Each structure stands twice: as structure tokens, then as C-alpha cells.
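Enquirer: These protein sequences, in sequence, are chains A and B. Here our numbering is used: the first residue of the first sequence is 1, the next is one more, and so on. Here our numbering is used: the first residue of the second sequence is 1, the next is one more, and so on.
Keep in mind that the hints are not guaranteed to be accurate.
Just a sample of chain B residues kept apart from chain A, beta carbon distances all over 10 angstroms, derived [unchecked claim]:
| id | residue |
| --- | --- |
| 1 | 82 |
| 2 | 108 |
| 3 | 147 |
| 4 | 157 |
No farther apart than 30 angstroms at their CA atoms in a straight line, the calculated lysine-lysine pairs in the DSBU-like style are these [to be verified]:
| id | chain 1 | residue 1 | chain 2 | residue 2 |
| --- | --- | --- | --- | --- |
| 5 | B | 5 | A | 301 |
| 6 | B | 105 | A | 292 |
| 7 | A | 302 | B | 68 |
I should point out that these hints are in silico values taken from the structure, not numbers from a laboratory. What you are looking at is a predicted structure, and each value in this text was computed from that prediction instead of being measured. We put the CB at the ideal spot given by N, CA and C, even for glycine.
For reference, the chains in residue letters:
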Amino acid sequence: MSEQKLTGAQIIIKALKDQGVDTIFGYPGGAVLPIYDALFQQNDLRHILVRHEQAAVHAAEGYARSTGKVGCVLVTSGPGATNAVTGLLDALCDSIPIVCLSGQVPTHLIGNDAFQEADTTGITRPCTKHNYLVKDVNSLARTLHEAFYVARSGRPGPVLIDVPKDVQFADGVYVPPAEVKHKTYRPQVKPEIARIEEAVELIANAKRPIFYTGGGVINAGPFAAKLLTQFVKATGFPITSTLMGLGAFPASDSQWLGMLGMHGTYEANLAMYNCDVMINIGARFDDRVTGKLSEFAPGSKKIHVDIDPSSINKTVEVDIPIVGDCGAVLEDMLRIWKARAKRPDQAALKSWWGQIEGWRARNCLNYNRTESVIKPQYALERLREALRGKDHYVTTEVGQHQMWAAQFLPFDQPNRWMTSGGLGTMGYGLPAAIGAQIAHPDAIVVDVSGEASFLMNMQEIGTAVQYRAPVKIFILNNQYMGMVRQWQELLHGSRFSQSYSEALPDFVKLAEAWGCVGLRATTVAEVDDVIAKMLAVTDRPCIVDIAVDPKENCFPMIPGGKAHNEILLGPEDKPSDATPEDGMVLV
Amino acid sequence: MDEHKIEKHTIAVLVDNEPGVLARVIGLFSGRGYNIESLTVAEVNNADHLSRITLVTSGTRMIIEQIKAQLSRLVPVHRVHDLTDEGPSVERELALVKVAGTGDKRIEALRLADIFKATVLDATLTSFVFELTGTTAQVDDFVGLMGQLGLVEASRTGVVAMSKGATGF
Ligand SMILES: Cc1cc2nc3c(=O)[nH]c(=O)nc-3n(C[C@H](O)[C@H](O)[C@H](O)COP(=O)(O)OP(=O)(O)OC[C@H]3O[C@@H](n4cnc5c(N)ncnc54)[C@H](O)[C@@H]3O)c2cc1C
Ligand SMILES: Cc1ncc(C[n+]2csc(CCOP(=O)(O)OP(=O)(O)O)c2C)c(N)n1
Ligand SMILES: [Mg+2]
Chain A
1 MSEQKLTGAQ IIIKALKDQG VDTIFGYPGG AVLPIYDALF QQNDLRHILV RHEQAAVHAA
61 EGYARSTGKV GCVLVTSGPG ATNAVTGLLD ALCDSIPIVC LSGQVPTHLI GNDAFQEADT
121 TGITRPCTKH NYLVKDVNSL ARTLHEAFYV ARSGRPGPVL IDVPKDVQFA DGVYVPPAEV
181 KHKTYRPQVK PEIARIEEAV ELIANAKRPI FYTGGGVINA GPFAAKLLTQ FVKATGFPIT
241 STLMGLGAFP ASDSQWLGML GMHGTYEANL AMYNCDVMIN IGARFDDRVT GKLSEFAPGS
301 KKIHVDIDPS SINKTVEVDI PIVGDCGAVL EDMLRIWKAR AKRPDQAALK SWWGQIEGWR
361 ARNCLNYNRT ESVIKPQYAL ERLREALRGK DHYVTTEVGQ HQMWAAQFLP FDQPNRWMTS
421 GGLGTMGYGL PAAIGAQIAH PDAIVVDVSG EASFLMNMQE IGTAVQYRAP VKIFILNNQY
481 MGMVRQWQEL LHGSRFSQSY SEALPDFVKL AEAWGCVGLR ATTVAEVDDV IAKMLAVTDR
541 PCIVDIAVDP KENCFPMIPG GKAHNEILLG PEDKPSDATP EDGMVLV
Chain B
1 MDEHKIEKHT IAVLVDNEPG VLARVIGLFS GRGYNIESLT VAEVNNADHL SRITLVTSGT
61 RMIIEQIKAQ LSRLVPVHRV HDLTDEGPSV ERELALVKVA GTGDKRIEAL RLADIFKATV
121 LDATLTSFVF ELTGTTAQVD DFVGLMGQLG LVEASRTGVV AMSKGATGF
């Protein structure tokens, strides 16, 4: 076949198509005009014009997390690239596969402090899994294919490709994806069988076991979630998950203990504290989960499955490390488990469940049900009932509402729940909801939001309106940066320094200004009606302002630096002693 | 075993010699708060554009393992070897040492250079530049002695290292 010459911009479009990209989120500027020109002259790739580059990355994250595909972003040089940085780091922290293309000043001007020049690869090096500056048009196609491979393989993450404008104009040769093999990056997918056998042996002899699963199962795909469910059902063991892993195991199942960690359930945290065998599948012992490290599940034997060897023994030393993909590991585990004749000690397991049922009976998510004010938990319970049985996706912003959403909205399938866990980026939820809605136009997509977080990226309403993405922005408006207020109340003598949401807009009028539907509930009686009206809107975004109790705090809570068994269940619980200094410094 | 014991390790890393690769390695150390006692890098295979980095670092066992895992997950890294863990190895450093002085001190400097098998790269009536190859401890000793004999400056490469025996990287 004769080598066909294309411009750099055409090569980019062709490479994206060959990588299966159908949607790209972006914002134009001088340094990417040739790419925008090439986009204009084709119809296969859909470009979604955001209103801020940070939102382009979050939208791509929502798209990626809800589909399992790589999310794709296009931004211009300088401010375009720097605006994208928060999104890139967010994707890095939460292991979301993203390919971000950024324009750069022409090669001969690099280093000259040219107009809109930024050292983009320098700035994004610690915020990406990998990045490239492409100076030769003939390596552009190869680099793009490599970038997709790196973004989705092993522990997924964001990859940035910086392309100088002259390279976008230059003619070069295109190579298809199949011809590109990576010479160094080959993450281990298949686990060592000997380790799996050891793990199965430990699992079979457990008396107080628990599965602690995480985002890695979601990363591994729906097949891994299915295998996890089968394995957990086969063992009869209790299971808890991190914030990032919700939905991998059905929340409606009786073996499900709810989320663990700082705002996890009493039963999940106490089961972790008291377990004798912990089976960690695709979770990374985050500090929000472990609490005080020296008292984290003391006396337990730990199995840790992770595709990234650097996650293993990073903070918690484990007994059986297994490097591999959750899907591949679970496949082997399930097979070896089934082949094994001996089953765990049923009497021990029964008494373990008895203990757990005792903790469950504390009903830790209970709250003060009152008619006088809308409790945020109540609003979410009603949302849960309204969404039951409907095809839906939920994103969140960051704060109390995020934690309540994790506690009160159940997920029976993976890829339905999108939240910023590792970086905790306020402003994530709306653009992520738009990304998810673009990928699933007929599904219901709700962004559970706080009034402060919403303001961080509310310009994206414009994007949602333009593309008729009927996202539902469900604002639990407590007039405070509630999560900040809660910490100030518990740890800083109720000195509410700068955490009041002053000068809020009228959210209903704001919605109307954009041609969206705006709704408000100020009494308990109005909540159901407002939710029903919200769900009835299918052709435009809908902003719902729920006036919730400004003083409500999120429980359970394990204060920073405390162990799982020092969990606070409600406002009447006071920390056992003053939070120690080493706990105060934790975020 | 004491898990808090600080160990010193020499780690060799084979990387693609591409722009930014050194920044990635150094950024990893500074970003995660790891120690670098010395770092050397140069291309060792022109055909494949491979560079070899030799790092000397210290930390607890858990941190050393983290450092290796973190280095291994950098995309342009081919291989990571912990020479301290993987059996006997040889280590060398090269130093250039400038000493100025006259009379007895000058004679003594030359005599010590002879003992340390340092060679003279440059000589004037009032100064020498010595070249010395040795272990880090030998170079430390030599530079220390010169300190009393008119040391002007020293420039050191940092450690390069290799495992003993027939097998390579
Ligand atoms: C306000 C706030 C409060 C929070 N409170 C809590 C809380 O109470 N409880 C809680 O759990 N979290 C909480 N978080 C989230 C927390 O910060 C972490 O983001 C989260 O706990 C990490 O989840 P994870 O361990 O599942 O890891 P992830 O960040 O999802 O990482 C996934 C892990 O799996 C590995 N992996 C990736 N792909 C694969 C694969 N294919 N196969 C195998 N392994 C793979 C990765 O290497 C990584 O180690 C909170 C966040 C915020 C913002
Ligand atoms: C970009 C960003 N800035 C600051 C913070 C710190 N922070 C965490 S939660 C929070 C308050 C969020 O308020 P709101 O959105 O109203 O949610 P609420 O907690 O009231 O439900 C703040 C400021 C953050 N997570 N992200
Ligand atoms: Mg609020």
C-alpha cells in the first residue's frame, strides 16, 4: 500500500477514530485551530464544546467511567492546558483513562516565552500517568496509539499529548494502531497461580472474613464485577467497598455491609476492625479508609489484589500480595475455590454474621426524621425511591452531600456511580454528569450537588443546554460548605470561618435564565413532587434547589487519626478523647 | 527485623533516553519525599537510545520497595535493579579535585595523591587538579585530606555501579 500523506491534524482525527473514539470534549484556541479545522471537515467524531477546560476533562471522566472507554479531551496551549490540570490530576487520583490533546506553540518558538506558551509537559508531568511532546509529525500517529494503550492498560490514568501547531500543519505518514507495540510498558495482568492458591487456602480457613473491594474492580470492567459477585456469593462472606468501588457488588444483596471508611457504616467498619482475614480486591488502603494505621484491622491476615505493584505494601503491609487484574485474579480464584472440597467453618461464619447483625441493628444511617425541615438524607431517600427500577447514573460534587449520596443511594451495577474520590474536586459532578449523559442519552443522569460545589463549574449548564443533555442537578442546599462546617464544629470549636455560602443566586431563576427547568422544595411535603417533576424533564437540564437543614452533620464519622472502633454515630456521640494532634493535622 | 531501620541502596535503572525522562525520575523523588544521595545518568546504548541511571538512596525497607515499584511504573523505564539486594556488586565514583598551595603542603598533596592512585590532570606552580577513581568512601577520605592541604574545589560524578559476575542487565 502506498504511504498516504496526511497533515498532523488529519492524522490526529484518523488516530482517534481508529481508537474507537466517537466523542471528544474540548475548547478551541489559536494553537489547536488546525485540529478544529480537521474536525469541521468530518462527521464521525463528535465534539462537545464545554465552557471551561477543567470541565472538558471531568466530562471525559464521566464519559469514561460510565462506558469503560477512554475519555478524550482537546484543549489549546497555555491557559487551555493549565485549566485542564485539575481535571488531569483528578483522573490520575481516581485511575480514570483519559487522553488529552493540547496545542502548543510552533516548535521553533518553544522556550521563547511565546504567546500562550506554557511548559505543558513540565506542568502536567506529576498530574498524568504519562505525557508526550510530539515534535515530528511522523511520530504523531504512533504516539497517539501509544497514549491510548498507556491510558487504558494496567492502572488506568490520564495521558497528555502536546502537539505544536506546526506539527499539526505538517504532512506526515499515518500508521494504524495494530502496528504499534509498546516496548517498555507491559503491566502484569495474569496473577501467579501459587499466590492465588495460598489466598484461597487462607480464605477457606477464615473465621471472621471480609471482602474489602475498591475502584480496581470497576476499572477491570463489568466482567470482573460479575465474578466478584459470584465469588462473594459462593463464600457467603460479608463485603464492603470503598467510595470508588460502589456498584461492583449489588447493594441490594444481604451480604452487602455498605461503604467503609470515614463516613462508612458502623457494621462495615467494625467488621473490618474485627476481621481475621481481609480480602482486598482493587482497593488501595487510602487514609480515608484505614483511619489510624497502627490500629487498622489489628490481628488480621491480609490479601491484596492490585494491578499496580506500587499500591502493594505502600501503607499497609499485607500477607499475600497478588499483582494482576481483578478480573483475571477473580477468575482464577473462583476456579480454584470451586475445585476445592473443603469449605470454611460454617459455625464460625454463622457466629461472625451474628456479630455483624448486632452491629447492623444499630441502624447507623438513621437520622432525626422530622416534618419541620427537609433532612438531606430524607431528600436522598426519596430520590432513591423515585429512581428505583429506572436506568440511571449518579455523579456527585464534593462534601457532605457526596457522602450522603454514597450512603443512601444503592447501586446494583458497576459504572453507574461517578464521584471524585482521591482528589475530592468540587465542581466535578456537573461536567461528569454531562459526560455520562452524552454517552447514555436515554438514561437518567443526576448530579447530587451542594450549593457551593455547584458554583464551581456551573457555567457548564450552557454545555448541557447546547447538547440537550437533560442532566438533573439535585442541589442539597444547606447554605454552608457543609463538610467544612462539620469539621469546624467538631474540631475547631464551632468557629465557622468562611464556610457560610453568602450571596447565593436564586437557583430557579438561574435555571430559567439558561432556558432550563428550575424547581425548589422548601418543605418536606414538596420533596416528592419536585423529584417527580425533575424526572419528567427530558429535553433540557433541570436544576433542583432543595432547602435542607443547614445544621445536619454527616454520620457515621471516624474522626481523623482515630481507629475504626472509635466511630461516631451521631451528634450525641462525642469523640472518646480530644482528637490527638497527629489526628488534627490530617485532612 | 527492625522495620524503621534506614538502609542505603544502589539502584540501577535502564530507561529510554527521551526528553523528560530524567525529570520524571527526579520529580518522583522530590514529589514523594524520597532521598537521593547521588544520581548519575548517561546513554549506554546508542543504537536503542537507552540510558542507565545509577541512584543511591536511603530509606526504610518499605520505602526502598516503594521507590523500586514507583520507578518501575514510569512508562519509559525498561528495568530496575537493586544492586544492594541482588548480590555482590562493584561501585565507583570519579572525582576531580583542585588543590592550591606551595611548599610542604604541595609536596604532601602530591604524595597523598600517589597513595590514592590519583593522577594529575593539570599542574601549575601553585596548583594541581587530581583525578581520582574509587569508592565513595575513598573519595571522601581523599577530599577530606586535601581539605587540610589547600582544597579549592571538588567535582564528583556520583556512584556508578554494576553487579559482579557474568550476567548483565
Ligand atoms: C469528602 C470525602 C470523603 C471521603 N470519605 C470516604 C470514605 O468514608 N470511605 C471511602 O472508602 N472513601 C472515601 N473517600 C474517597 C477516598 O479519598 C479514596 O478516593 C477512596 O477510598 C479510594 O478508593 P479505592 O481504594 O477503591 O481506590 P481507587 O482510587 O479506586 O484505586 C483503585 C486501585 O485499584 C487498582 N486497580 C486499578 N485497575 C485495576 C485492575 N484492573 N485490576 C486490579 N487492580 C486495579 C489501582 O492500582 C488502585 O490501587 C472520600 C473522599 C472525599 C472527597
Ligand atoms: C476545589 C475544591 N476546593 C475546596 C475544597 C474543600 N472542600 C471540601 S468539601 C467543601 C464544601 C462543599 O460545600 P457544598 O458543595 O455546599 O457541599 P456540602 O458539604 O454542604 O454538602 C470544601 C470547601 C474541595 N474539596 N475542592
Ligand atoms: Mg452546602
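Enquirer: Next, verify each hint and record whether it holds.
Expert: Here is what the structure says about each hint:
1. Consistency note on residue 82 (chain B): stated as away from chain A, and its beta-carbon is indeed over 10 angstroms from all of that chain's, at 14 angstroms minimum.
2. No Cβ of chain A approaches the Cβ of residue 108 (chain B) within 10 angstroms, the least distance being about 49 angstroms, so the stated non-interface status holds.
3. Even its closest Cβ contact with chain A, about 39 angstroms, leaves residue 147 (chain B) beyond 10 angstroms, as expected for a residue assigned away from the interface.
4. Taking the minimum C-beta to C-beta distance to chain A, about 26 angstroms, the non-interface status of residue 157 (chain B) holds against the 10 angstroms cut.
5. Distance check on the hinted pair: residue 5 (chain B) and residue 301 (chain A) sit about 24 angstroms apart at the alpha-carbon level, within 30 angstroms; holds.
6. Pair hint residue 105 (chain B) plus residue 292 (chain A) does not hold up; C-alpha atoms about 60 angstroms apart against a cutoff of 30 angstroms.
7. At roughly 22 angstroms between alpha-carbon atoms, residue 302 (chain A) and residue 68 (chain B) fall within 30 angstroms of each other, so this suggested pair holds.
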